[in-house]
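Colleague: Sequence lines, in order, name chains A and B.
Under this note's numbering, the residues of the first sequence are numbered 2 to 118, in order.
Under this note's numbering, the residues of the second sequence are numbered 3 to 235, in order.
Don't read these hints as lab results, they were simulated from the structure.
This one's a predicted model, so the numbers in the text were calculated from it and none came from an experiment.
The beta carbon of each residue, even a glycine, is placed where N, CA and C say it ideally should be.
Misleading hints may appear alongside valid ones.
As the list claims (entries may be wrong) - Beta-carbon label-pair distances, calculated as ranges:
no. : chain 1 : residue 1 : chain 2 : residue 2 : range
1   : B       : Q46       : A       : S69       : 32 to 42 Å
2   : A       : L67       : B       : A125      : 43 to 53 Å
3   : B       : K179      : A       : Q35       : 36 to 46 Å
Stated by the list, open to error - Taking lysine-lysine and the DSS-like style, the derived pairs with C-alpha atoms no more than 25 Å apart in a straight line are:
no. : chain 1 : residue 1 : chain 2 : residue 2
4   : B       : K20       : A       : K75
5   : B       : K20       : A       : K65
6   : A       : K75       : B       : K42
7   : A       : K56       : B       : K61
8   : A       : K55       : A       : K9
9   : B       : K42       : B       : K31
10  : A       : K33       : B       : K179
11  : A       : K73       : B       : K20
12  : A       : K65       : A       : K9
13  : A       : K91       : A       : K73
14  : B       : K229      : A       : K55
15  : B       : K61       : A       : K73
16  : A       : K91       : A       : K65
17  : A       : K73       : A       : K9
18  : B       : K31       : A       : K33
19  : A       : K56       : B       : K31
20  : A       : K33       : A       : K22
21  : A       : K55       : B       : K42
22  : A       : K9        : A       : K33
23  : A       : K73       : B       : K31
24  : A       : K56       : B       : K42
25  : A       : K9        : B       : K42
26  : A       : K33       : A       : K91
27  : A       : K75       : B       : K31
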Amino acid sequence: MAMSQMLKGLLEGCLLAIIDKGETYGYEMSEKLQAYGFTMVSEGSIYPVLLRMKKDGWVETIQKTLPSGGPKRKYYILTEAGRQELLAFKQRWAEVSSGVDRVLGEGNEDGTFKKES
Amino acid sequence: MSSGKSEGEVQDVVAELKDHLEEAERAGKSVDDVVGQSPKAYMQHLGREMAFDGKGFLKIIAMIIPNVFAYIIIANFIQGEMTFSTIQLIGFPLVAVLFLLAAAQAFRNLSVRSKASPFKNGATYIALAAMPMTLFLGLMVLDIFVETPTIVFGPTGQLVLFGLAVVALLIVSVWTKTWINLIIPLLLFGPQYAFAQTSLPLEQQLIFSMLILFVGMGIFLFVWWKKNQQGQA
C-alpha cells in the first residue's frame, strides 16, 4: 500500500489533534506536522482536508488581524463535534495500531509467521 | 463563478493559500515543495472539497431574465412601436418563470448528489439550457398558427414600460455592483436613438451607432483592465 493511501484517513485525525492543542493556522499546522515526523506529507495537502473538516462541522475558522499588519489570517479551532471526533479517532487508532503491531510482532526474524500451536 | 462554486469561498481559499506560500517563501521553500502535485491536480483536489453554490448561481440567472426583458422593451421603444400578441405577452414571462423554477429544482438536485456520476450532472445542465430555447421556439410556432388578439401599447404605455425597463436595469446594476449593466444598453441604444432623431440616412445612422458602441466598449474595457492591474499589484 502506498504511503499516501495509508495517510489518507490519518491526516484528519492528526490535524484535529494539532488544533486541539491550541488554535492555529495553516502554515503553522504544516510546520508542526513536519516536526512530528510527517515529512512525507506535502504542505499543501492539508488544505483539502481542512475544507472537508470545516464542511463536516469539526472545525471553525476565525479571522485574526496580525499585530504586524497585513491581511487577516485564518485560524482554526475545534468545535464540540470536532472534539468528539478526535476522541473517536484516538480510540480507532488505538485499536488498529495495536492490531497491526501484534500482527507484525507475531512474525519470525526472517519474516515468516510463527505457526499456531 | 461558471464552475458553480461560491465566489466568496474561492477567494477565501485563495487568500489562505497565498498567505501560506508567502510564509513558505520567506522560509526558503519553493511552490513545488508546498504543493506536492501538479498545480492543476492540486486545484482540482481543492475544488472537489468546495460545494456547488446553487443559490448564488440561481441569483445570477434570476438577474439575467429581467435584463433580457428590459432589452426587448427598450429595443421596441426605440423603434417607436410596441405591439405584442397575447401569446407573446403571456408566454414570454411564463417561460421565464418556468425556467427559474426548473433551475432552482435542478440546483437543489445537483447540490445533493454532486458526487454522483458526471454524466447525470452534465445531462441536467444540458436539459436545463435547452429548456428556454425549445419553449421559446414552441411559442413562436404557436404564435404563427394560433390567432390571438394583438396588444398595442400606446405612447403612455410605451413610456411606462420603458421606465420599468430602465428601473430593472438599474436594480440589476446595483445588485451586481457594476456599471456594465447600464453602460452596454447606453452604448447600444443611445446612439441609435440619438441618430434616429436626425435625418441622416439609415446606413450612416447604423454605422455611426456601431462605431460609438465599439469605441465606447473599448474604452470601458481598457479602464476596467487598468483597474484590475492596479488591484493585483
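Colleague: Take the hints in turn and mark each one as holding or not.
Modeller: These are the hints, each one checked on the structure:
1. Hint check: B/Q46 to A/S69, Cβ distance near 34 Å, so the stated range 32 to 42 Å holds.
2. A/L67 and B/A125 have their C-beta atoms about 48 Å apart, which keeps the hinted 43 to 53 Å range intact.
3. Distance hint check for B/K179 and A/Q35: the Cβ-Cβ separation is about 42 Å, which falls inside the suggested range of 36 to 46 Å.
4. Between B/K20 and A/K75 the alpha-carbon distance is near 12 Å, which keeps this suggested pair within the 25 Å criterion.
5. Annotation: proposed proximity of B/K20 to A/K65 holds, straight-line Cα distance about 16 Å (limit 25 Å).
6. Restraint check for A/K75 and B/K42: the C-alpha separation of about 24 Å stays at or below 25 Å, so the hint holds.
7. Between A/K56 and B/K61 the alpha-carbon distance is near 23 Å, which keeps this suggested pair within the 25 Å criterion.
8. With a C-alpha separation of about 17 Å, the suggested pairing of A/K55 with A/K9 holds against the 25 Å cut-off.
9. With a CA separation close to 19 Å, the supplied pair B/K42 and B/K31 stays within the 25 Å bound.
10. Taking the CA atoms of A/K33 and B/K179, the gap is near 42 Å; set against the 25 Å cutoff, the hint is violated.
11. Taking the CA atoms of A/K73 and B/K20, the gap is near 12 Å; set against the 25 Å cutoff, the hint holds.
12. Using a Cα cut-off of 25 Å, the hinted pair A/K65 and A/K9 is violated, with the two alpha carbons roughly 30 Å apart.
13. Restraint check: the Cα-Cα separation between A/K91 and A/K73 comes to about 33 Å, which exceeds 25 Å; the hinted pair is violated.
14. Only pairs whose Cα atoms come within 25 Å are accepted, and B/K229 paired with A/K55 is rejected, the gap being roughly 34 Å.
15. A threshold of 25 Å between alpha carbons decides the hint, and for B/K61 with A/K73 the separation of about 29 Å lies outside it, so the pair is violated.
16. This hinted pair does not check out: A/K91 and A/K65 have alpha carbons roughly 30 Å apart, beyond 25 Å.
17. Using a Cα cut-off of 25 Å, the hinted pair A/K73 and A/K9 is violated, with the two alpha carbons roughly 30 Å apart.
18. A hinted pair counts as satisfied when its Cα atoms are at most 25 Å apart, and B/K31 with A/K33 qualifies at roughly 16 Å.
19. Between A/K56 and B/K31, the direct Cα distance comes to roughly 30 Å. Violation of the 25 Å bound is thereby established for this hinted pair.
20. Among the hinted pairs, A/K33 with A/K22 is consistent with the structure: their alpha-carbon atoms are about 11 Å apart, no more than 25 Å.
21. Proximity of A/K55 to B/K42 is assessed by CA-CA distance (about 23 Å); at most 25 Å being required, the pair is judged to hold.
22. Of the pairs offered as hints, the one joining A/K9 and A/K33 holds, with about 18 Å between alpha carbons and a cut-off of 25 Å not exceeded.
23. Restraint check for A/K73 and B/K31: the C-alpha separation of about 22 Å stays at or below 25 Å, so the hint holds.
24. Between A/K56 and B/K42 the alpha-carbon distance is near 23 Å, which keeps this suggested pair within the 25 Å criterion.
25. Among the hinted pairs, A/K9 with B/K42 is consistent with the structure: their alpha-carbon atoms are about 20 Å apart, no more than 25 Å.
26. At most 25 Å may separate the alpha-carbon atoms for a hinted pair to count; A/K33 and A/K91 meet this at roughly 19 Å.
27. Under the criterion of a C-alpha separation no larger than 25 Å, the hint pairing A/K75 with B/K31 is consistent with the structure, at around 21 Å.
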